[in-house]
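As given, the protein sequences belong to chains F and V, one line each in that order.
Residue 178 in the working numbering sits at position 52 of the first sequence, with consecutive numbering throughout.
Residue 378 in the working numbering sits at position 252 of the second sequence, with consecutive numbering throughout.
No lab work stands behind these hints: they were computed from the structure.
Warning: the hint list may mix true and false statements.
No distinction is drawn between identical chains; accordingly, a pair holds when it is met within one copy or between any pair of copies.
Here are the simulated lysine to aspartate or glutamate pairs, EDC-like style, with alpha carbons at most 20 angstroms apart [as the list claims (entries may be wrong)]:
hint	residue 1	residue 2
1	Lys332	Asp360
2	Lys273	Glu283
3	Lys332	Glu376
4	Lys332	Glu358
5	Lys332	Glu387
6	Lys332	Glu283
Protein chains: 2
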Amino acid sequence: MLIIGEKINATRKPIAAALADRNATAIERIASEQVAAGADRIDVNGGDADASREADNLVWLIQCVHNACDAEVCVDTARPDAARRALLVAGEQAMLNSISLESDRIESMLPVVEEFGCCVVALLMSDAGFPRDVDSRLRNAEALIDKLTGVGRSVDEIFIDPCLFPVAAGAETWGQALKAIRAIRRQWPEVHLVGGISNVSHGLPKRRFINIAATVQAIEAGMDSAIIDPGETDMMAMIRAAEALAGRDEMCMGYVKAASEGRLG
Amino acid sequence: MLIIGEKINATRKPIAAALADRNATAIERIASEQVAAGADRIDVNGGDADASREADNLVWLIQCVHNACDAEVCVDTARPDAARRALLVAGEQAMLNSISLESDRIESMLPVVEEFGCCVVALLMSDAGFPRDVDSRLRNAEALIDKLTGVGRSVDEIFIDPCLFPVAAGAETWGQALKAIRAIRRQWPEVHLVGGISNVSHGLPKRRFINIAATVQAIEAGMDSAIIDPGETDMMAMIRAAEALAGRDEMCMGYVKAASEGRLG
Chain F
127 MLIIGEKINA
137 TRKPIAAALA
147 DRNATAIERI
157 ASEQVAAGAD
167 RIDVNGGDAD
177 ASREADNLVW
187 LIQCVHNACD
197 AEVCVDTARP
207 DAARRALLVA
217 GEQAMLNSIS
227 LESDRIESML
237 PVVEEFGCCV
247 VALLMSDAGF
257 PRDVDSRLRN
267 AEALIDKLTG
277 VGRSVDEIFI
287 DPCLFPVAAG
297 AETWGQALKA
307 IRAIRRQWPE
317 VHLVGGISNV
327 SHGLPKRRFI
337 NIAATVQAIE
347 AGMDSAIIDP
357 GETDMMAMIR
367 AAEALAGRDE
377 MCMGYVKAAS
387 EGRLG
Chain V
127 MLIIGEKINA
137 TRKPIAAALA
147 DRNATAIERI
157 ASEQVAAGAD
167 RIDVNGGDAD
177 ASREADNLVW
187 LIQCVHNACD
197 AEVCVDTARP
207 DAARRALLVA
217 GEQAMLNSIS
227 LESDRIESML
237 PVVEEFGCCV
247 VALLMSDAGF
257 PRDVDSRLRN
267 AEALIDKLTG
277 VGRSVDEIFI
287 DPCLFPVAAG
297 AETWGQALKA
307 IRAIRRQWPE
317 VHLVGGISNV
327 SHGLPKRRFI
337 NIAATVQAIE
347 AGMDSAIIDP
357 GETDMMAMIR
367 AAEALAGRDE
377 MCMGYVKAAS
387 EGRLG
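Bound-form chain F, shown alone (with noise of 0.2 angstroms):
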């Protein structure tokens, strides 16, 4: 499982605060502790009223987090030019988030991909909205995947995003989510599946709930990969059974070593 953690993100006040102030004690902080908690890359996101300072701000955040651990950075961003000066900076294992099949979004963004070389999180909206069942997913995971292997990514170099939508909108909403998760699992064995999993508890109380069985049962159906806090002790703690549950981790050694070092809260 692919940790990647979400929390130094512009949309976010601390991170807004200390962007406007160039605190670069806050940013490196919030990167150790993610990486302490159990990141394996950072999610850095700059956006901000004023899109000319995107790029500025994305520099800078990486910088930050270099200083501060040797976690890869995923370059957050929908903007062609903010992710062209990011990427520079960020070294030849940095992540791109995200790619998407609307037309402006694919022709703006896979030359980039393509220039960089770089892993990418691909969505699974066209230009004719989110697929909400299984075959419209299916059907738009092939289509990025045709582009993307097309400027030389592998399949494994993809991480599928399968659009996740709130459950309080319909009793069908989960279920053919994870309908999408298994069915793409199945059909390309080698790509990488990430939630935007946190969707799926908008509009209800207690999310956290929500978000941790929902997290639980994609990583069933086949999701590999999770952009979350990891601060959220019971939320890794789930992940991790749900890993043993998996047989990802042998004979469960991964799940009794987090126990025994006190990581499973």
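Add chain V to chain F, keeping to what the hints say.
Coordinates of chain V only, in the frame set by chain F:
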């Protein structure tokens, strides 16, 4: 989801002590607490080192439960004489826990099921031992359902326990169990599926994370009943979350109501 409260079990020290002293107040309090926490039924187990006392124990426990609450009991014994005595006082809606396909068990318990016409937990073990793969579980389920419908039970009065094993015993253990749950649910849409989930975490530390993750996945696969301690608030909250995700909770209103009443912790 039918929640069967597991706490009134003589293998637990406080229950054995209350049984020895015939401390009705203690048993009645535990019954009431389980119902308040969300139990639909109350399991009663009166096992005793002196087997001749089990029937008396069960009758007394059932009277305590009846004094304390309106929940039906689940008579938990492998002894036909004790089951008969208990079912005589337990009421028409009582349930029997359990029968299996082992010849001594089926020969001795099937007449009890026929006589009382009760709902019954059916364990999938047979004279060949515990079923470990999907096919042997399906075969045993079919044989048990045949036997039980042969004495007048309808499929929806049967609670299949698919025999869950410790995940620490092997990487495929839990995957096989989930596949079996899905296969049984597909073949008999009306049968109930109930799990001895705590066995899954046997031998591991921090068992509750494994138990909760397994329950959340089993509900997605088709489990619709659990024998648990409803006082474990995280487990209950995650069961409600899994039901919301499964679309069994229209517009998530049950989840929202539980949250607003402070029942999600």
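Consistency of the hints with the structure:
1. Lys332 / Asp360: both (14 angstroms within a copy, 12 angstroms between copies)
2. Lys273 / Glu283: within (13 angstroms within a copy, 53 angstroms between copies)
3. Lys332 / Glu376: between (33 angstroms within a copy, 17 angstroms between copies)
4. Lys332 / Glu358: both (14 angstroms within a copy, 17 angstroms between copies)
5. Lys332 / Glu387: The answer is between: 12 angstroms across copies meets 20 angstroms, while 29 angstroms in one copy does not.
6. Lys332 / Glu283: neither (34 angstroms within a copy, 34 angstroms between copies)
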